[in-house]
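*Asks:* Residues per chain are reported as follows:
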Amino acid sequence: MFEPQPKGSLETTSDNSYFFPDYRSTAFRSPGKALVMAPAGLTELTGPKFGHGDVRDSDADLTAHGSGEPIGERIIVHGRVTDSEGRPVRNTLLEVWQANSAGRYIHQVDQHPAPLDPNFVGAGRCLSDDDGHYRFVSIKPGPYPWKNHTNAWRPAHIHFSLFGRAFTQRLVTQMYFPGDPLFFQDPIYNSVRDERARKRMIAVYDHATTRPEWATGYRFDIVLGGTQATPFEDGDA
Amino acid sequence: MSEYTYEVTDVAASPGQTPSQTVGPFFHYALPYDAGPRVAGPDRPLAFRLSGRVVDGEGDGVPDALVEIWQADEQGRFVTEPGVYAEVAGAGFRGFGRCATDPDGWFELRTVKPGCVPTVEGRQQAPHIAMSVFARGMLRRVVTRVYFDDEADANAADPLLASVDEERRATLVATGTDDGYRFDVHLQGDDETVFLDVGAR
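Sequence lines, in order, name chains A and B.
Sequential numbering of the first sequence, starting at 1, is according to the numbering used here.
Sequential numbering of the second sequence, starting at 1001, is according to the numbering used here.
Where hints are given, some of them may not hold.
[Claimed, not checked] Output of the computed footprint for chain A on chain B, the stretches with three or more beta carbons under 8 Å from beta carbons of chain A: (1) 1017 to 1025; (2) 1083 to 1090; (3) 1150 to 1164.
Honestly, the hints are just simulated from the structure, not real lab data.
For every residue, glycine included, the Cβ atom is placed at its ideal position computed from N, Cα and C.
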C-alpha cells in the first residue's frame, strides 16, 4: 500500500468526491463507490519522458499560428511547476487550450454566437526548464456561456494539462484570472470546496513579466502531488 | 442573480497542491493526436488492439472522454527515451497512449501485454496497464488498471486484485477478443469499474 503522505508544509487536496450536484454533468459521471488504495507499483511511479523533439518554440506562442495577430489582450503566462516538497519538476510537458478573446472555442461543439478568430486556434505546448519554469504567450480568453443552468457563464480560464514525473502526478486543471466577476456563479470553479485551495487556481497579475508596449503578464505556479513514494526522483535528467 | 451563488471572499490561497478541474468538452483540438493510440509500432510482434467503451451511470457511451495508458514493455521495462507525439515506427514501443472516445464512447489503442513489474516493496504483480480517464462532467480523472483474462495464475496472486471484493474484481480484467482485448470503463452504477487512489488527486 502507499505509505501515508508525509505531512510537509504543503496541503494536499482533501476533497475526493467526484460528485458536485451544481455541476450537473457530474450526476452520471461520478463514481459512487470508494476508491481502492493501489499498492505503489512501478507502473504508477514512472511515466513518459519528454524532450525537445516533442515541442517547437512556436508551440508556446498561441498568437503565432495565423497570418496575422489574433484579436485580444496579449498576455504572457508563466510560472513554476514543483512537487509538494517544493522541488522543481523539470522537462515536463504542459499542454494548454483556451477560448479566444470573444469567449469562443474553435471546437465544433461550441456554436454560441460569438466570432471565431481566423488568427487564433487556442492550443499550445511547452516543456518546463531545469528550474521547473514554463512560459506561454497568448491572448486573454473571454468568458463564455454554457447550459449548466440559466444564464451560466464560465469565468475566463486557460486549461492546463501536466504529466509531472510519474503517472501518479498527472494533472488537468484550469487557470483563472484575478478579480474575475464571474466566480460567484461558476460551479466548476467552486467544485473545489476549500476556498483557500480554490484560490490556488487563480493566477497572479505579474507586472515584472509584462513587456512594455507589448503584453501584460500573469504568474501561475503549479504544485503537483503524488511523488512521495517515487523511487526515481530525478530520473528525468 | 444566479441559480447558484457562491461566497467570494478576500481569503488568500493556502500553499499546496493545485486542485484538479474537469477537462471540459473542448479538449479535442488540443490533446488527442493521430499517433496517440499507437503505443506499439506496426511491426511489433504480438501487438494487439485494446478497445473498450466508456459508459456513464445511465448506460450511455461517453462521447467526450479522453483515455490514457502507461505501461511497461513485454519484459517489464519502462521506456526512458523522451517523446510522446511522434508516430512509433517499426517494432518500436512508446509505453504511453492517448485516445479520445468516439461518439458512442469507444476508444481503441494498439499495444502489447506488459511483463510483470513489482510493487516498491518488491511484491510481484500480474501484468497490468495503468489507465486514466478524463471527461466533461468529471472533476478529476479516474485511475484504474487493465489486467488480462488469460493470466489467471498471476491474477490470483496479485496484491491489488486480492484486495478488491471478489464480485468487483472482473471490472479490472480485460477479456480476450479475436484481435486483442476489450476493457470497458463504467463510471458509475452496479457494475462500476474499480477506481484507484494512487496518492494524488
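*Asks:* Tell me, which hint numbers fail for this structure?
*Replies:* none
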